[in-house]
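Novice: One letter stands for each residue in the lines below.
Protein chains: 2
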Amino acid sequence: MSERLERLLDVYAKMVTDYIFKMVRGRPEILYKASLHLIKAGGKRLRPFITLATARMLSGTSGEARALPLAAAVELFHNFTLIHDDIIDKDEFRRGVPTTHVAYGLEWALLAGDLLFAESFRVLEDGLERGLGFEDLGRAMLILSRAAKRVSEGQAFDMEFEKRWDVDINDYLEMIYLKTGALIEASAMLGGIAALEDDEVVSLLGEYGRLVGIAFQIKDDILGIYGDPAKTGKPVYSDLREGKKTILIIYALNKLDNDKREKIKNVVGRKASEEEYREVAELIRESGALKYAEDMAYSMSRRALRILDSLDVVDEESREALRELAVFVVERDH
Amino acid sequence: MSERLERLLDVYAKMVTDYIFKMVRGRPEILYKASLHLIKAGGKRLRPFITLATARMLSGTSGEARALPLAAAVELFHNFTLIHDDIIDKDEFRRGVPTTHVAYGLEWALLAGDLLFAESFRVLEDGLERGLGFEDLGRAMLILSRAAKRVSEGQAFDMEFEKRWDVDINDYLEMIYLKTGALIEASAMLGGIAALEDDEVVSLLGEYGRLVGIAFQIKDDILGIYGDPAKTGKPVYSDLREGKKTILIIYALNKLDNDKREKIKNVVGRKASEEEYREVAELIRESGALKYAEDMAYSMSRRALRILDSLDVVDEESREALRELAVFVVERDH
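Protein sequences, first through last, are from chains A and B.
Residue -17 is where the first sequence starts when you use the working numbering, and the numbers rise one by one after that.
Residue -17 is where the second sequence starts when you use the working numbering, and the numbers rise one by one after that.
Calculated directly from the structure, the hints in this document are not laboratory data.
Treat the hints loosely; a few may be bogus.
Identical copies go unnamed one by one, so any copy, or any two together, can satisfy a pair.
25 Å max Cα-Cα, derived BS3-like pairs, lysine-lysine [unchecked claim]:
#1 LYS216 x LYS145
#2 LYS15 x LYS145
#3 LYS216 x LYS253
#4 LYS15 x LYS72
#5 LYS72 x LYS213
#6 LYS72 x LYS26
#7 LYS22 x LYS72
Please work from the sequences and hints to get the whole structure.
Specialist: Written out as structure tokens, the structure is:
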């Protein structure tokens, strides 16, 4: 990651985290502690970064100031989905800490997620104190609520795919758009709202976010098998154990011969030994799936760059940071 | 229930149910089936009734037409909370059918609730097709998101109270305002938004809704112990088993002597025989708690009527229906 991007990610992460801790308060204490548990544990804050940097790119520091509640909204929403997804996927660790349901129990985790969902909309209200009008809030709310519907659908497809072997690449791309792309798309669009842009620019920003989001998820699926758990903070081979139909699995099943395909089907979606998962990971690599997935992620990243380059901007440094982000999501090792 | 109220409840229930089935669509199919499972099973639709009748009372049929997406929003939101509450409370039946997590499993129920939450905001968008502007949507969204935060807090207090014996009547009243009152308050306020009223009228409507909501919940707690399960559709004595700190329990613990108090504490919050729960129910009645709770509910209902009477309205029949509703919530046996 470039120094510029690293610095700006840090600055915006601190800004949005402080803001969230200021805004998300109430009683009973345990509800708020459970809700903020994962947020406290860290995270890259890519989504609010996109909102803030997009707003600043298009309208300077005034846009950035208006964008803060919107940036917090997407991060709150994202953390709501993480808490509930961890329940569904029975994941026990994230960001190096026990997941919320492990730390607080299922009931509190369920409710903590619901609260963050509520807060993601409620926090938009603070936009009124920062130069946004009710109309901007209305637009922001529609963007966020459409994304919320899509994220639910994406998670549902992801679950449904776990039981199926006939998932193709298009199914996969649609699913990861819904599950991951839609919220990153919304993050960029909300930056446009904060910059008081018209629907056309907001829609272009959405396209940038969508491409970055899909590329990000492809890379996530790659790291889920070939990443270093010490760096990703995620349990090794959990995607294989859960039977996730990622681009890698789908491609490998298409390309490999029957014997190898059966070998994969006998391991994926089952509790197996680490050795067996490792063998499957090697089979997948052998099929060319890793290269295929990386090429696709890079191609999306390049398309995202072209969209950025087409915009009229006031802050070139923010554009450069957003360019670097589109590259980072596919080059990262964590 | 009066014939007028019954007829209008039916008309509005059908209107909002049809609308929900038209608006809440998508894939994968199982997600939408699980999400609509409880809505399909019926329900009184009191909250959308309040939104629609309030809008009509203040601005006639045009207000009623604008109110439909807002009415659907509160019903969708309410059903989201029911699905998640049933998971938390481990309830197995509601509205005469298995709860969503029993019918579809925990994971799908969790996600189905999340989808309905998303849809409750997304459906507001249709207000734009019905004469509402972005500013109205912004106001509606803030009302709904504040209510959502409160409902989470209320559910959290309800859970926290289960483990505590030092809950007093004020704690209880605050909790039921958050858990039940806040959404009914929002339902009435949204009717005011649809009627294009100013903040002062919207706030008065909120007060009506808040009082009706609290009275409704007090009556619900009464029916939870003294109601006929065949009529309420809820398992008998589940509140006692779960250790809910209702107004009845709190009052009885304050009034009864040590022996009887211990008897109650030994049964409430534990798995006990129906006979033991029945004895506790009798002890509570003996303490005067039933009368105390009923008096409080009636007093709130009367205050709600006075607020209605103070409004300038264009449709007297809707006002009369809303008056009858405020009486019905405390006189109902289901």
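Novice: With reference to the structure, classify each hint as holding or not holding.
Specialist: Structure-based check of each hint:
| no. | hint | result |
| --- | --- | --- |
| 1 | LYS216 x LYS145 | within (22 Å within a copy, 34 Å between copies) |
| 2 | LYS15 x LYS145 | between (35 Å within a copy, 18 Å between copies) |
| 3 | LYS216 x LYS253 | within (17 Å within a copy, 39 Å between copies) |
| 4 | LYS15 x LYS72 | both (21 Å within a copy, 23 Å between copies) |
| 5 | LYS72 x LYS213 | within (21 Å within a copy, 38 Å between copies) |
| 6 | LYS72 x LYS26 | within (22 Å within a copy, 36 Å between copies) |
| 7 | LYS22 x LYS72 | within (21 Å within a copy, 30 Å between copies) |
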